[in-house]
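Asker: Based on these hints, arrange chain V on the given structure of chain S.
2 protein chains.
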Amino acid sequence: MDKKGILIVVSGFSGSGKGTLMKALMKKYPENYALSISATTRQPREGETDGKEYFFISKEEFEKMIANSELIEYAKYVENYYGTPRDYVERQLESGKDVILEIEIQGALKVKKAFPDTLLLFITPPTAQELRSRLVGRGTETLDVIESRMDRACEEAEGMDQYDYLIVNDDLDTCVEEVHQIIRGEHHRSTRNTGFMEKIKEDLNSLKGEK
Amino acid sequence: MDKKGILIVVSGFSGSGKGTLMKALMKKYPENYALSISATTRQPREGETDGKEYFFISKEEFEKMIANSELIEYAKYVENYYGTPRDYVERQLESGKDVILEIEIQGALKVKKAFPDTLLLFITPPTAQELRSRLVGRGTETLDVIESRMDRACEEAEGMDQYDYLIVNDDLDTCVEEVHQIIRGEHHRSTRNTGFMEKIKEDLNSLKGEK
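Residue numbers (UniProt numbering), protein chains in the order written: chain S, 1 to 211; chain V, 1 to 211.
Extracted from the complex, chain S is given alone in its bound form:
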C-alpha cells in the first residue's frame, strides 16, 4: 500500500471534548500521529509554552509567512492571527505519519480545498441535550455565555455534513478507538493507493507476457 501520511482535520462542537480526545489518541498511538501546532500572534497565557500549545510569533513574522505561502491556512480573530505552518505538516506526512489539525469549520474547508485528500472528522456529543448540559455543567460560565455557545453550536451543526466522518464522544476510550479505526481504514481507500494499483496492473501485464 502507499505509505504517505494522511492530513486530518478534527473539528467539533465546543464542549465535544475534542481536545481531550486528541491528547488521548496521541498518547495511545504516538507512532501513528503527529499533532500540528499552530502559529499565533497573540500573547501566551499563563502556563503556555512556545512550541507546545502554539508557536508564538510576531505580527511581522506571521505576515512574512503568509507572503511566502508558508501557511496551509490562517485566519484573524480579534486582531490576532492564527495559522498552520506548512513545513512541519509536510515533513510529517512524508515520513508516513498522519498529521492532525484541530481547527474550526472555516479553516477545515479551506484546508480541504487546498488539499482534497484531507480527511475531515467531526466530534459530537451523543445528543443536543448532552451538549447543553456539558456547557452548563462546567459551572464557570454565565447563562449569556452558554446561550451564545448554543447559538454557535447551531451554526456549527449546519456544517457537520461537510465532514467525512462523525464520531460520537460518549466514552473517551471507545471514542479514541473509533477515531483510530476510521483513520486506519482510510489508509486503504483506493483513491489513496493509486501508486499501488498502477504498480500491480503494470506487473500483471508484464508477467502475462512471460512464459
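Do not take every clue at face value.
[Claimed, not checked] Derived DEER-like restraints, expressed as beta-carbon distance ranges: (1) S:Lys76 to V:Gly19: 53 to 59 Å; (2) S:Gly51 to V:Thr191: 34 to 40 Å; (3) S:Arg152 to V:Phe115: 36 to 42 Å; (4) S:Asp2 to V:Pro44: 53 to 59 Å; (5) V:Thr191 to S:Thr49: 39 to 45 Å; (6) S:Lys76 to V:Ser133: 55 to 61 Å.
[Claimed, not checked] Just some of the chain V residues that point at chain S, by a computed CB distance under 10 Å: (7) Thr142; (8) Tyr165; (9) Lys208.
[Said to hold, decoys possible] Listed below are the simulated DSBU-like cross-link pairs for lysine-lysine, each with C-alpha atoms no more than 30 Å apart in a straight line: (10) V:Lys27 to S:Lys28; (11) V:Lys113 to S:Lys201; (12) V:Lys208 to S:Lys76.
Treat the hints as calculated values from the structure; they're not laboratory data.
These figures come from a predicted structure and were not determined experimentally.
Ideal Cβ placement from N, Cα and C applies to all residues, glycine included.
Answerer: What follows is chain V alone, placed relative to chain S:
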C-alpha cells in the same frame, strides 16, 4: 448514530484468498456480519448443501424471482443463473447486520448502481508476482489454465479503482482485522448518518429557544 447495516460487496483476484478471509471474518465477528447466500440453477457439486453454499433452485423458480424483482443482481454463466436474493439481504440490513456479498466486478457495479450506499472492497495479494505464485503453487492447474487466470487477473485489475477500499491479503489475521476496521469506520461516515445529523440540528434549535 444510525443503526442500519451496510451492504458490502467483496471482490478480488482469483487467488486473493477472499473466500477464506470472509469465512474467518464471519467466525471472528458473528454478531456483526451476515454472509449472503446466492441462488443458482446449477447442480450441487459433491459436498455442497442447499442453503449453505447456495440455494439450489430450478430455472423456472429463478426466472420467477427475476420477474418479481426478488434478486438484487443476477448473471448467467454457461447456461446457469446465479443471483442474490433480495429478501434475506434486506432483513439482515434492517436488523443492523452488515451483509457481505462475495461477487465479481460486473455484479458489484450493478449492486452499487441499484444501492449507492454499497461499500465495495477489493482483496488483492501484495504483488503481481505473489498472485502468480499462488496460482502456480496450487499445483493442480495446467500452464494454460494459469495463463488464462493471469489474463483474467489483468482484466480484474482494470476494475480495481472502482472499489472504495483495497485490502492486501498477506497475513490472514491482519487482513481480517483490517476489513473489520474499515467496515466499523464506515459506520461513522456522515453520509450514513443523516438521521443522526438532522436530529441533533433540530434539537439544538429547539433548545436554543428555551430559557
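Asker: Check each numbered hint against the structure and report the violated ones by number, ascending.
Answerer: 4 and 7
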